[in-house]
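Take the given structure of chain R and dock chain D to it, following the hints.
If you're matching them up, the sequences are chains R and D in order.
So the first sequence is residues 1 to 766, counted in our numbering.
So the second sequence is residues 767 to 1073, counted in our numbering.
These are computed hints drawn from the structure, not numbers from a lab.
In this text the structure is predicted, and so the values were computed from the model without any measurement.
Positions of the beta carbon are idealized from the N, C-alpha and C atoms, including for glycine.
Errors might be hidden in some of the hints.
What the hints assert, rightly or not - Simulated restraints on C-beta separations: (1) D:SER997 <-> R:ARG380: 43 to 49 angstroms; (2) R:PRO130 <-> D:THR807: 38 to 44 angstroms; (3) R:THR125 <-> D:THR1013: 38 to 44 angstroms.
Unchecked claim - Derived pair list, reagent style DSBU-like, types lysine-lysine, alpha-carbon separation capped at 35 angstroms: (4) R:LYS574 <-> R:LYS454; (5) R:LYS729 <-> R:LYS608; (6) D:LYS945 <-> R:LYS713; (7) R:LYS144 <-> D:LYS945.
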Amino acid sequence: MKFSLITPVKPGELAQLQGLKRNLEAQTTRDFEWLIATTLPIDGGQPEWQADFDIHMITLNTPTIGAARNAAMAVATGDWLVFVDSDDYLLPNALTEMAASQALTATTMADLNQYATYEPHVSFTNSLTPDTARDSLPKWGGKKRHAPKNRALNLTSELAATLPTDLPAEAQNWLQHKTRLYQGEQRWQAFDRQLKISGKVISRNLVQQAKLTFDATNALYPDYHFLTQVMARTSRYVVLANPTYIRVRHNDPINSPAVHQLEVPNRWHLRVAAWEAGLTDLTDSDLQTAFSTYTLRRLHRYLFQALATSTPVTVEDVPALMAQLQHYLQGVTPAAFNTTPRFSRQILRKIQRTGKLPQTRINTLVRLRQLNRVVRHRGRGITRLAYNWWFTKLPVKPRTILYESFLGRNFSDSPKAIYNYLQENYPGRFKHVWVMNPDVTETPAGQPNTKVVKRFGWRYMYYLATAKFQVINMRQPKWFVKRPGTRFLSTWHGTPLKHLVFDMDNVASANPLYKAIFYQQSRQWDYLVTANQFSVDVFEHAFMYPTQQMLPSGYPRNDILSAPDKDDRAHQIKVKLGIPLDKKIILYAPTWRDDDYYGVGDYKFTLKLDVARLKRELGDDYVLVLRTHYFITEHLDTTGFGDFVYNESSYDDISELYLIADVLITDYSSVFFDYAILKRPILYFVYDFEKYGSVLRGFYLDMATDLPGPLLKTNDDVLAALHNLPAVKQDYAAAYQRFSERFNAWEDGHASERVVNAFFADDLKD
Amino acid sequence: MHLFINIVPQTQLDWPCLTTLIGEITDQHFADITLNLQLPTDQQLTAEQARQADAWSLTQNTRPQLSATDTTLLNLRETDHLLPGALQQWAQVTAQHAGSLVSLATFDSAEPVAAQITNYLADYQDSSTRLTLQQLAGDTPVTDTTTLWALQSYSVQDNLQTQRLLSQRLRLTGLLLPKALLRTDLPLVSLAQTLTVLQNSTDVVRLHVPTLARQAWSATTPLAWLDQLQSITVSDLDVSWQPVFTTYAQNQLNTLLDVAGRRALSASVHLQLLQRIKHLTVQPTRRWSRLGLLQLVSPRMAHRLFY
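Chain R with its partners taken away, still in its complex shape (with noise of 0.2 angstroms):
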């Protein structure tokens, strides 16, 4: 027994591939060896490449995956071919439980059972802690309803031990190593499972004997015709019962795409080429049923949208194409249309016989699948498809303007600023439409040219199709058109503190594709507002975001903390919040963490600074107005603390609170770069400095060192901090002006006239 492991490699792909190397070296067994096959330059003679099994590196000519995996099957030695890519990872014990299970005969197809993460495998590994399952897993990446929610329980030796003794040994060993089996009229289950290539164990010998290679000059579709016909000649697939084999899907498409994310014109042709060569070789007629309706179910599902021409153009040559098609489908088995719906099926049957794009079914059949999909979600979606069949067609109206803040949750911002800086120096010139959610109480509703609409509602989709000019300070929908002569300003909504899109490695707590569905987005951005020359240069690389289109202005929102009558409006504020005005006011606003809801051990919803004490020793001339996540809020209990907490989370404006603050306590949220503007004391209470080492590993900043205030993990610290704040303010005082040099030098009040001159200019003359 001894395992060949093939990884084809391709240029940009060493560093992964010596993380695969470290992955291998932690396997229980080294039964095995591994074959490298790559265009690259690579010395397998250097230590980084040395290892307790064998190592071999295959330099090709033929840059394609099929002629890589071709010549290091040429050239292997073991008994079973194992396919492992470069991106990918095995489990510790995958290749030793694979040997175990004795599923491993001539005539068998094996699979180490294929498990498919957005997870990289450096981040999972940290993710990893002393106290973590022994069977962890990363975040599963695939279709939430093919997430395995079981695991198989094996028998321990002690439990086979009393088995009995007519058992048949094989079944014995099942026992203590499960697999899953599928022969006789199970045998082609799971078909799309069996089309993977990656993760299967196939015997050489069977592969030499039959000649079996991959197609060389399909660059993209090389395994249909090899693994087609490694399914005929098997009569078993084994399946590990547990998965061993983690796929890594790319979650960057745009920088390091995989092989299926490349944006090829021709990839239709491609793929139905290598079908037909899947097709055309085999004479079990189960298994050519099997393989039609697979390729059947594939047109079904992908390439009706593909063709439709509400679509962009993805596909070349279409003509060729359905030429292509035609020959194919003439060659499928008859039986296999059966198992298309019957819409499908006659657009499939005109392709056998014409050879032409029926187009105007095509676009029917997509059309009927979106308002199908309206029905079945009972009309969620309607506006949406408004929007996309009628609303976008629609003349786009002039001096419209769209405005959004955080998603319609409030009227605030930057979007605000520019409106409130619109209506005072050009009133009657624009129409301002708010978005707003439905629970929203302070809406600009009722100001002079002002709409507010709901946020997906019938009125939301009309203007966010026709309105000349849309100011954004989150993203706008995935499926936001942008129309021609219209113009989006994207104001985004702080310095970045916490890595930001193309700067993160591990997105897959959010959407898997986060980047790529961004990086579109951000296309449809005409101007991006940036507040210092550090986010400038931050999102050149986060959002690759060209520079040359970044409005070097400063945050309109900000303009309230340097306006001449700043201390009038702060009077107003203290007033409008019935804070007394003799009291100096402590703003507390600390950062949401994700395990304040199920932290072990932790008493939830309880705010680490000790309330009770600031009361009693500041009480006299302080208040405290506390700033926290909208969920902590909802179960915050602040009775017994009297006119001493004002608890004003869900006030719309947080400039405004800053205005009235005397100090801000804070910790890793970004409020403190805006803060900075009033030059007024910042003391970061981080009690739990230690612990978010891996998250501050994520920051643009260096918490211990670029701060403008003192990092407390204490109450004390923090009482002693506020009774003392001259001597804080002194002691800080270089960090503050170098902070302020490098974060907030564009902050003069007057970054809404610049950004409002520079968006609008031509709209702004008579």
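Quick look at chain D alone, frame taken from chain R:
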């Protein structure tokens, strides 16, 4: 895993049942185990029983505590039954998930277990795992125990507050509780203890194929179960758990009314139960539930309607 099994008698200790249970445990030849009998203070073992208990290494503590070597607690009734291989399977799961509460699937100890196994296996006639075993066994008949072992699997669940699953997770017997999450100031057998463990958990492991036969406390000792439900002060719970536990408690009260009405209790005890539930000032979650109806009528009338 070093397992501390704490046996809590229903009301009056059933010695033959205890003997059977101890036999089922010792038959599994699992070494890392400590046995304790939590005998009520008003009961005592006879001299012969005490001698037998010593022979079984069964300690008797009314307020037991885990020792330094114990890692996991399992509370059982003496009427419960362990299926073959149970301890080995639990040890395997707790080895993978040392810090997790393990919720065990169970059969009903009030019904013949063999018949339940037959029905259970019939439900999995076509499962791919079972088919694989049958193919490998060929013509050799496979015992029910072997098939149960073949089907055994577990899942890691982080939806701690899902109402539908709370009755699996909040019960007094038939859960593997990790010592690290236990509170020493609470009795080992108490809803407060189990609720604390669940609240402080990040996940729950569910062992899917039954390894145990037991009965719910609501069926065997409804008044004791009502005591337990009443022992929780909802306002003392973490805010996120308050509505979850309130709904759970109301569901349990409905279950109590339903189960107790099947004449498992004497008429006087049933009436007593109704009176106590009636006095609980809880709003029914569903108007057309037994609990809802009890709010509208007198306990005596409810007794006539339900019993």
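Sort out which numbered hints this structure fails and list those numbers smallest first. none
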